[in-house]
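J.: Given the structure of chain F, go ahead and fit chain D onto it with the hints provided.
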Amino acid sequence: MSDRSYLDHAATTAMLPAARAAWMSASEHLGNPSSLHAAGRFARKVVEESRESIAADLKTRPSAVIFTSGGTEADNLAVKGLYWQRQQILGTRKPLRVLASAIEHHAVIDPVIWLGEHEGALIEWLGVDQDARVSTTALADLLANNSDVALCTVMWANNEVGTIEPVERIAEICKEHGVRFHTDAVQVLGQVPMDLGALGADAVTISSHKIGGPFGVGALIVNPATGFTPVLHGGGQERDIRSGTLDAPAIAAFAVAIKHGVEQQVAHAQHLRELRNELVQGVLATVPGAVLNGDLDLSGDGRLPANAHFSFPGCEGDSLLMLLDAAGVDCSTGSACTAGIPEASHVLLAMGVDERTARASLRFSFGYPSTMADVDRVVAALPGAVDRAARTVSSRSS
Amino acid sequence: MRVLVAMSGGVDSSVAAARMVDAGHEVVGVHLALSRNKTYGDGRQRGCCTLDDARDARRVADKLGIPFYVWDMAEEFAEAVIDDFVEEYRLGHTPNPCLRCNESIKFTAVLDRALAMDFDAVATGHYAQIVQGSAGPELHRAVDPEKDQSYVLGVLQPRQLAHSIFPLGADTKDAIRAEAEARGLLVAQKPDSHDICFIPDGDTAAYLQRQLGSLPGDIVDAESGEVLAQHDGTYAFTIGQRRGLQLSRPAADGAPRYVVEVEVGTRRVTVGPPELLDVYALEGIKPIWTTSPLGKAPTELLAQVRAHGVPVPARAHELDERVIVELLVPIRGIALGQAVVLYDGTRVVGSATIAATTRAA
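Here the protein sequences come in this chain order: F and D. Position one of the first sequence corresponds to residue 1 (my numbering), numbered consecutively onward. Position one of the second sequence corresponds to residue 399 (my numbering), numbered consecutively onward.
Careful: at least some of the hints might be erroneous.
What the hints assert, rightly or not - Incomplete in silico selection of chain D near chain F, CB under 7 Å:
1) Tyr-467
2) Met-515
3) Arg-704
Honestly, the hints are just simulated from the structure, not real lab data. Idealized CB from N, CA, C, for every residue including glycine.
Extracted from the complex, chain F is given alone in its bound form (with noise of 0.2 Å):
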């Protein structure tokens, strides 16, 4: 047994030997992909079969697949390609209306919060019930009742909590009102079956290394009839639509990852799902008051099978982070982080969770090299990081 436990494969996982091995072996030779003689055409090969790989794996067309340097970028080229391409299209810089949900990672949040305050565009938050989960009763409403709108876009499922969001009913309903539909996909990839195809979304967010490939690159998978108006100007690169040098080591090692996480998909979701439930099952049966987030149903479909998320009230989350931090346990408060300053989730908010509660809550998501012994580890460390995390919130209060 390691003297470590990484519990934080959400925020990133170890690296596949096999995406290594791919990285390694493109990185030997020389050439950029956009050259015209033998290296660069060499290069281009390299990306253009690992561009075949990606789609075919995703059930989607070669010519979807736009790369990017990771899923932020991929996010922001989604948010504002589709909102300028939708002025463009109806000749307008008049403001358009995002459709957006509340519990949104950050680099769609930001974004739809930009536009709003540079582009003047009118947005609406999707409120979430207590699983987190976005109505598509009230999606439909709101798109029966607003012609303006350029855009929705719902992650696909939650980086904190794990709720799986009903993705391919929203992007019927967009498609009903012929609204553009962008949906966040790097925590779903290799642990959901993803039809790219079937799904008809306009524009689809993955990232690298959340699955085992090298940090720096993510895509965006788009419908290429859907126009995306560019983020990034310069050569051209990616159909017009992203520029940039393509980095084709980083490109072949992320190919090699998703085909491994989609052939893996069924047998490494069981893995998951089965330490997940055995660590949500010891926690909430030695540490009282505990209290698991998101959706309760751990075998169904709703749920990341990765993800375990709990609330410990009368506690401070960063404390408990810090306590299991000495005690060799890596997790997180899952909320987003400015140079290390934890706030309160917007997720946990968003799902009518009070401030304080949210503060007092930790993440645990588990990847291919987690074992049965990290949860005993958690379980072991945890009930006397609670009991001592609560002293220091009765501390700060006193």
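T.: Here is chain D on its own, set in the frame of chain F:
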């Protein structure tokens, strides 16, 4: 011991952390985020509370190989230090926010949280010394008179002192900088922070005006009673102030004039000759004793009323919940709200908030 080091990202707390590691303690670094508006510095600002300062602290912790965290204490700081600071000025007092921060944040909120998390002590980069005396731990001045910070630590009580470590008190600032350099700490040449950390531009009057608004009133001559000028708010004036009065006419005798009285109710600021500022006795409230209470019998001590003020011989005793201090050498210009810290030689006896002064001999 398990020691938590409060790391501002400055040279002092960085060396303090390094020394705690050298001493063989199990050390964890914590940076306190005290500002509600988290901003990056401009690269020149002399602060301790920007995200750049947090980064500096993190890099020192990396170098030392110790765990590092940021604790967000902005709410506690705003309540205990900033709100108190503004309110005191509104009342016409002159508070010392560093003292309040040590009293309520560093050696209460942080220390209590550390103790609850099973730490044995909190170490900081303050220049002061703790000496084990017969009656318990004693707080003493630092060796470097230029850097001595015992004044702003005069609010510590025995329980807090017992769990505090000041690793720098026996050295000069120059020596600490040289040590930081020798240790290869990137912050070795970082300038000292002198300003009030939540007023990074140093313009306290403008800050208070934003908080309290414009409250115009008269500036009056103490001797003639004549109105000399108008002002925008009494909070911009403190007893003993000479600069920034913007009087159009000089005094009859041509001598400089000082603020000798600030009345909040009438918004009247009175100016006059320096002799009117001499204080011969003062009364302190909310006394705090670092080792043991002073007692009711008058005791010969030294009194200091500013962070870098000159200590003067004094005779002090407790009366009810107050401290009566007779200054054997008068101190010129004492504002209400300042802290008086009493010393027995280099030992801090305790402190109190000045609530009344006597100016006639």
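J.: Quick one, is the Met-515 of chain D hint okay against chain F at 7 Å, beta carbons?
T.: This interface hint holds because 6 Å falls under the 7 Å limit.
J.: Using 7 Å as the Cβ threshold, decide whether Arg-704 of chain D counts as touching chain F.
T.: 31 Å, violated
J.: Hint Tyr-467 of chain D vs chain F: min CB-CB distance below 7 Å?
T.: At 6 Å from the nearest chain F Cβ, Tyr-467 of chain D passes the 7 Å test, so the hint holds.
Consistency note: the structure conflicts with earlier hint 3 alone.
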